[in-house]
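Visitor: Sequences listed follow chains A and B, in order. Taken in order, the first sequence gives residues 196 to 998; the numbers are from the numbering used here. Taken in order, the second sequence gives residues 1225 to 1510; the numbers are from the numbering used here.
Misleading hints may appear alongside valid ones.
Simulated DEER-style distance windows between Cβ atoms [said to hold, decoys possible]:
1. B:Arg1305 <-> A:Glu343: 52 to 60 Å
2. B:Pro1399 <-> A:Asp601: 55 to 63 Å
3. A:Tyr238 <-> B:Ala1484: 52 to 60 Å
4. A:Asp311 <-> B:Glu1240: 26 to 34 Å
5. B:Ile1328 <-> A:Tyr329: 19 to 27 Å
6. B:Glu1240 <-> A:Glu287: 56 to 64 Å
7. B:Glu1475 <-> A:Glu287: 55 to 63 Å
8. B:Ile1328 <-> A:Glu343: 40 to 48 Å
9. A:Pro856 <-> B:Ile1328: 29 to 37 Å
10. A:Tyr238 <-> B:His1325: 19 to 27 Å
11. A:Pro856 <-> B:Ile1396: 51 to 59 Å
12. A:Leu231 <-> B:Asp1385: 39 to 47 Å
Simulated from the structure, these hints should not be mistaken for lab results. Just so you know, even glycine gets a beta-carbon here, dropped at the ideal spot from N, CA and C.
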Amino acid sequence: MNDAAIPKDIRSAPAPETSRPKYIGERVQRLEDPRLLTGTGRYTADIRFDRMVHLAFVRSDQAHARILGIDTDDAATFPGVIAVLTAQDFSEIPDLVAPSRMKNYHPTHCPVLARDTVRYVGEPVAVVVASDRYLAEDAANAVVVDYEPLGASSDPAAALLGDAVLLHDEVPGNLVLERSFATGDAGSAIAGAAHVVEGRFRLRRKSPMAMEPRAYVADYDRGRDALTLYGATQIPGVVRDELAKLLDIAGNRIRVIAPDVGGGFGGKGSLYPEEIIVAALARRLARPVKYVSDRLEDLTSTSQGFDEYVEARLAFDDDGMFIALEAEVIGDIGAYSIYPWTAALEPVQVASFLPGPYKTPHYRGRVRGVCTPKPPTGPYRGVGRPMAVFALERLVDMAAQKLDMDRAEIRRRNMVQPDEFPHRIGSGIIWNHSGFTECLDAAVKAVDYAGFKARQIAAREQGRWIGLGIGSYAELTGIGSRIAVAPGMPINTGNETATVRIDATGAVIATFATASHGQSLETTLAQIVAEELGVRPQDVQIVQGDTGMTAHGTGTYASRSAVIGGGAAIITTRALLKKVKRVAGRLFDVDPDRVETGDGEIYVPGTNHRIGFDELARAVYSDMATLPLAARETLESQENYDPVLGTTTSSTHIAEVEIDPETLSIRLTRFVVAEDCGRMINPQVVDGQVHGGVVQGIGVALLEELEFDATGQLLSASLADYLIPTSAESPHIEVIHLETVLPDNPGGFRGMGEGGTIGAPAAIANAVADALAHLGIGISELPITPSKLHRLIAAKNLTKDRE
Amino acid sequence: MKPSPFEYCQPKTIEEAFAALNHEDAKIIAGGQSLVPMMNFRLVQPGRLVDINSLPGLGEIVLDGGTIRIGSLVRHAEAARHDLMRNHLPIIAEAMAHVAHVAIRNRGTIGGSLVHADPSAEWPLLVTLLDGQIEIAGPEGLRHAAPEEFFVAPLVTTIEDDEILVAVRLPILSPGTGMAFTEIAQRAGDFAVVAAAATVLMDRGVIAEVRLALGGAGDVPVRLFEVEAALAGQRPEAIDSITPGCADGLEPNEDMHATAEYRRSLIPVLARRALEAAVLRAGATR
């Protein structure tokens, strides 16, 4: 529109005074950055107290063995040693048991220190308390443990065999859990289908590998009988509640604080023996106790992820329409079923999310979780979906290839269409409206998908192998109390309570039981409160991750905090704004509905009534003359939000790769993500989460692998061998945001913190397979490395020679 | 991951250093980039660390007749940017870009890399390629070792516990020699799966002088003398037909990241690429 077209009176009019600044949707600079980027953050390892003692754990060097004896005598005489303790010194602490109402589930008993048996290399066996960590490690080295090896298979399929050594007496057949999903009759449908593709897919075990390893400091106030645990954790609320039970302390005597936390990715999302011991010893010794795990301990004792085999087949008709999907999932859950999630969390979600964003009438999925003498598995960014999406999206590409059909078209055809929501998939999950086909179309358009085939042919003529791969998925985020994050789990992860307060100086404090460890919640929650209340984001202090300061809640995981925490922020701040307007209406002697707020001011448009939040606070809290007693409202609100169900987030990732035909080096040349996360609170934060997630997915696809030998010894036990992607391995990542239909929650938000890791492995696997299509090589195991490609090609050539 | 207890001393003269090394489990520390991680894992538990960073004269790069003498305390990053290297041995800067990351290149020393003797590391390969001489000081005086005498096995050399690697001498090659270094690593900065380096001097369209060496192709870096002999006097086109035999007789190691067969498959490819790049550069300077 040109200037002349606008009526003069509108052009000259000032912006209407009622247009309060919008912060939701803005690229607000991260409020935590000045602190974190200038080295003034405070992580658990930075916390020091007077008289503090340090722990070093003696860890098992055997995978499965009976403990015949532990000799601590020599270690106890080392300089600086205060105590050397074993399981019998903690006999009052119950074993960690993760219960579930799920049928066919056998929980394991995990003592805080191994009692009679060790079940993985790295399991804590004894603990040394000393005046510093160096001395503690010296003494730990002198503890002698006498083991009798018990054997056990580190291969989950072998562990299921009848004659396999049992890891736990209470787990028959090493089968910790078994669950099936069925809709229709997949078996008959597959038998009668025109076409079937099948494969056996595998993801290798991963370490969440946060930059900050796990760390805990406990401080016991003997006078008040009060225990404070500082911990690098994603779930301070869960830790507090369970510690109260395990240590038999009233909840009001124990406070768990997650200070600045340097990443989690799921690895800090469970309760660990070390934090229980730190807390217990602080009380027993009446001295502050500190334990900071090192990188080796992080690699062997922080929960691991994604260790599954999926045998799956997909049946379809001549038009490429999917008819049936069938899958057998075996999850290698490691030695123990982790608290609170249980070992069901990861493998069950593989089977429940396997049908993906497609309409497949018949589905049968069975999952078995098998214990093996390896570190316990737990939540890992993406939980179950990276494996599910990898297996399904490979099958979809194989189906397209079989019919010589376009890979985008077969997806478009089978996806739930915009007018078909809500849609229930074969495992029972209900997708609500999200941009399935819109994301696919946007990603395809962005990469000039139509022109790729010609580029690929031209490249092959020059001896260059290039490939393009698509990974489409849908996931459930912001899960409310009617759907448990893990099946049958006895804690409610579906609600969040916000408390928003204006203090006597007019400053705004908002508390949440979330525990940001890189998600930028100090910024995004502040944006929400600021916009709803009419102040600036930098004027809102977000307090979280501290059970002593916040209402009941569980923490930050499972793409929940923006949806549930953000929803609670909106509801609560609106309740507080009503109070603000009532008080201001009284002060200005106007109808409260005429009062507006914005950028820290409270005013009545078109009048000279205008005060700051500080003046309002003074009138309420300090000045006893202005307001009558009855009008002195408490400038604080607290509301709970529970979305009851979940909200669907969808995305399509497209990867392009180039493989050097001579060295088989795999280079990512392009990466595009089109995603629908609903209304964005801060596009910069969304971009950052997508970028980080995709890079983690690159690790899944091309680099990261915890390799164990047949006896359960970890071979990749340092960062020289466990390879995480760096900036040099990361391509430019293009992100396309779509807001198709906003979900029905207060903010219109969808969770998106995990998605990058969900779509990227499948897209990269499909791109590598596409680049190698002329050799007839498929990709069924990740990570795929040049050396593994070399083996696949050599095997293929051998087969060809035999033919 | 804390080291076991150790004494620490910082001698100011080489005599003091020898005296300090006269201890049952003394270990020299220079940049500490390999030693300290191994100490933190307690894979190495020296009773005494002898810090040689204060010894005089080990941190210099000087021209000495037909050779460049590089002190063992020279850091990778210093070597890469030094004018003598840039002018005479540009392959050093090319190779240094593959040595780990900036922080490690700023701290890690050439002497440390040589005595650590990782079969995939850049310095052992460069010294092998260039017929370098390793200068070793001991209580009895100075000795020189050729790379084939010095490197014995992965992480094993012929240096004695009471000796100090003080310098390496690299020859200045004939003007117009083209040089190239190439490697395949899992990630930028990782130890090479296989590395190849070559120098080529051209004369009237034929290869007059050639050197070719490999890292990651066996227990120690290897010179491919037979391949060199086959290439000498040939036109560059011969590289294509000669390099496929480069892996003959070699026994690359296997680890969790690369099978021996994969390493073997890389050898002719990287040898060819290094030679071709060296030929191109030789052409460009002549």
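Visitor: Please write out, lowest number first, the hints stated earlier that are contradicted by the structure.
Guide: 3, 4, 11
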